[in-house]
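1 is the number of the first residue of the sequence shown in the numbering used here; add one for each residue after it.
Don't read these hints as lab results, they were simulated from the structure. The model shown is predicted, which means the values in this text are computed figures rather than measured ones. Each residue gets a CB set at the ideal place from its N, CA and C atoms; glycine is no exception.
Ranges between beta-carbon positions, derived for each pair:
1) Lys130 / Ala214: 24 to 34 Å
2) Gly51 / Arg92: 19 to 29 Å
3) Arg40 / Gln149: 35 to 45 Å
4) Gln149 / Lys127: 18 to 28 Å
5) Arg92 / Met1: 20 to 30 Å
6) Pro160 / Met1: 41 to 51 Å
7) Glu190 / Gln149: 14 to 24 Å
8) Glu11 / Ser159: 34 to 44 Å
9) Gly218 / Arg58: 49 to 59 Å
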Amino acid sequence: MPIPEDVTGDEIDKDVRQELQSLPKTLAEDVAKNLVMVARLIDEDPEGAYGYSKVALRLASRVAAVREAAGFAAYANQKYSEALAEFRAARRMTGTVDLWPLMADCERGLGRPEKALDMAGAPEVSKLDKAGQVEMRLVAAGARRDLGQLDAAIVTLQSPELASNAVQPWTARLRYAYADALFAAGREGEAREWFAKAVEADKDGSTDASDRLAELDGVDFVDALDENEDENEGDDSDEQQDQGGSDEGHKE
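Can you make the complete structure from the sequences, with help from the hints?
Structure below.
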């Protein structure tokens, strides 16, 4: 797959660059460039990112960072079986538990919420950092909802991290998940409160909490582009009527 000229491979993280030092220099550069493309495209063009991840995987399948990137790309394309295999491979190579929540969410994607819940109760969870533990809580709550256990999902999300006023990178998503679970349980008043709290924490628009809040408040947004098109159509209609009157006068 083509690599844009502005991609040098130096954009990758220092830790990944160190991993690639085990490869011949030219090969390491090629792999690095493909990993850069995975990171660059995974949000906007997950299919494209997946293509570059497969190239990197073909070039250096024994590098943990490559297996991890391939897992993320497969996950972004909802290829959960493939993603799970890559995450497991990366974990075997590194011995870390960082990917545990993602592996559990892959189990959910494969229709195995019970397995995800088993993983949520495993010893590995205690080894996760705070962000990882919150992510595991979100996955566990999602698994409860998959099983139709709404009340249990709500209880799962109730935690010191949810109650805290401090805003962390995961705060908006945690509050949003809680609000959404409350809404699904028919507790709309509480849901509105937590959607509002999610909006406060969501500085980068990672959720659609503002839209959900607006829906609960009965706000109806009008697309400005559509509104302008309607106005233009009205202007054209008036202009055509004026032209029609002139023509009729001329005929007379």
